[in-house]
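There are 2 protein chains.
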Amino acid sequence: MEKFEIHILGCGSALPTLRHHPSSQVINLREKLFMIDCGEGTQIQFRKTRLKFSHLNTIFISHTHGDHCLGLIGLIQTFSMLGRTAPIHIYGPQDLKDFLQPLLEFYKKSIGFPVNIHCVNFRIMDLVYEDRSVEVYTIPLSHRALCCGYLFREKRVLPHIRREMIDFYGIPNYAINSIKEGADWILPNGECISNSSLTFPGEAPRSYAYCSDTCYLPKLAEVITGIDLLYHEATFCEENAARAQEVMHTTARQAAMLAKSAKVGKLMLGHFSARYENESTLLKEAQQVFPQTILANEGLVVNV
Amino acid sequence: MEKFEIHILGCGSALPTLRHHPSSQVINLREKLFMIDCGEGTQIQFRKTRLKFSHLNTIFISHTHGDHCLGLIGLIQTFSMLGRTAPIHIYGPQDLKDFLQPLLEFYKKSIGFPVNIHCVNFRIMDLVYEDRSVEVYTIPLSHRALCCGYLFREKRVLPHIRREMIDFYGIPNYAINSIKEGADWILPNGECISNSSLTFPGEAPRSYAYCSDTCYLPKLAEVITGIDLLYHEATFCEENAARAQEVMHTTARQAAMLAKSAKVGKLMLGHFSARYENESTLLKEAQQVFPQTILANEGLVVNV
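Top line first, the protein sequences correspond to chains A and B. Under the numbering used here, the first residue of the first sequence carries the number 152, and numbering increases by one thereafter. Under the numbering used here, the first residue of the second sequence carries the number 152, and numbering increases by one thereafter.
Mixed in with the good hints there might be a few duds.
Just so you know, same-sequence chains aren't split out, so a pair can sit in one copy or run between any two.
In silico EDC-like pairs for lysine to aspartate or glutamate, Cα to Cα no more than 20 Å straight-line [stated by the list, open to error]:
1) Lys260 to Glu397
2) Lys306 to Asp379
3) Lys199 to Glu449
4) Lys331 to Glu354
Note that these hints are calculated values from the structure, not bench results.
Put together the whole structure using the sequences plus the hints.
Here's what the structure looks like:
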């Protein structure tokens, strides 16, 4: 199966600690890299993964709180020092431009490639990026800033060729692509070999949603129903539910309730408050509601 | 002797590596903290020292290349989250304002204390900061940016009291300060006890200079003659001297030549290029010219 990996670069919250870095993750989808959020120090965390910097062309920012975007300008400058000339595309709510443009202007002499900022519609679910393998949609969230999550939906995977049947009928190479697209094959004697004898179905398309930062939004379940993996913030445990509500964050239990009602395959908790010495309480609390829960951690790689 | 420590938070150069963080250091002078430069990730490096964030009120920036200042806004926001209300003062060449002011403006709602930016005269040696224990001067450097180093000169340390003499003559506590300042003591019978019998000299004032980034400037020796500790960039080794000149940096050997002609007490090399797997060549090269040379390293604490 082709790669669809989530690399956790940082899963702490606003106050950095010696245990967690601020928010960032890299998605490796068939060797094309996508970044979501880019807190301070992300470029060093990125380097640790040994993924290729040059395979990253697209960055999605959830919102402009410092722990989600302060690493952008350093990352951009490093790319430039490494000789990058290919454009980079950065998606985010409209104030991302107000944050980033003055920095790009200040450092323009040292940035040798185009940086394209795309303001996304963060109030509705909107298709903001598409290539031949994936569609990316915004997910409206509710936080103390213009904020959205992102939903990655893999496109339909083409069926696989039954090599032994191709050989048996002596079907030439030039016909393979059209057969993958669904064509039958006509033998010289006029006999039709149906597509279903020549192929077997590709894997089911996979999906991943990133929801951080946000207060608990039960209705999110509608838009992430049945996805394979949900990364959801769980800044607090239930004991601090009042505080969570006040600062528009979610508790681990609430994240699990959402995962359960959306019937997702797996839940990964992140964006941990600096107040917890470890996250075992958060994990336990969530697993009581939704057993298929794991904790994010720097360096963790999860297959969707 | 009272503290005058240099804590190295980062001593790499522009391209961050897994071995070195970008430039930053904290000076602990009698429990008052001063920061010089603040590259990305400095707040985490600072936290590792276990020094008290609240004891830092003054930051000196050499120049606005990203590896010397991108950590400022994150540090400021963290201070605010921790409840700081005391103002912070940041000194640097005039374009520091162009870099930092838009960020402060963007994040103004989340910064709960005054951030005062002071543009320094970086073309001449200028007294830019003074308190009762130290004077800080700019050191004009030559780089691909408006850039200066900083010289910390400890003020004269008051003489120490000879406790046994104070007791012997029954001198009251209220007189101690004036005796420290140089006064004699007159006994009830009119006899004069000279100050020199009541005190012994304080330690010689210490001095520290930070010179990064710059090309090799032999005439710097005049302004740093006889200082106790010199931190000087040594981005390259002699083999890359042409490259050093081209990008306005210094080689380890050149830094040592400067240290030797300025007769400093000790030389610490830093701002290492990412191209070196370790800095043993740089150290060897410098020590051949100036044996009292050490390498900076993250976590190193040097007493001036």
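Each hint, compared with the structure:
For a Cα distance limit of 20 Å, the shortest separation of Lys260 from Glu397 across copies, 17 Å, qualifies, whereas the shortest one inside one copy, 43 Å, does not. Taking the shortest alpha-carbon separations for Lys306 and Asp379, only the intra-copy value of 14 Å comes in at or below 20 Å, while the best inter-copy value is 65 Å. In this assembly of identical chains, Lys199 and Glu449 lie within 20 Å of each other by CA distance both inside one copy and across copies; the values are 10 Å within and 18 Å between. When the C-alpha separation of Lys331 and Glu354 is checked against a cutoff of 20 Å, the pair qualifies only within one copy, where the shortest distance is 13 Å, while the shortest distance between copies is 84 Å.
The structure meets every hint from the earlier list without exception.
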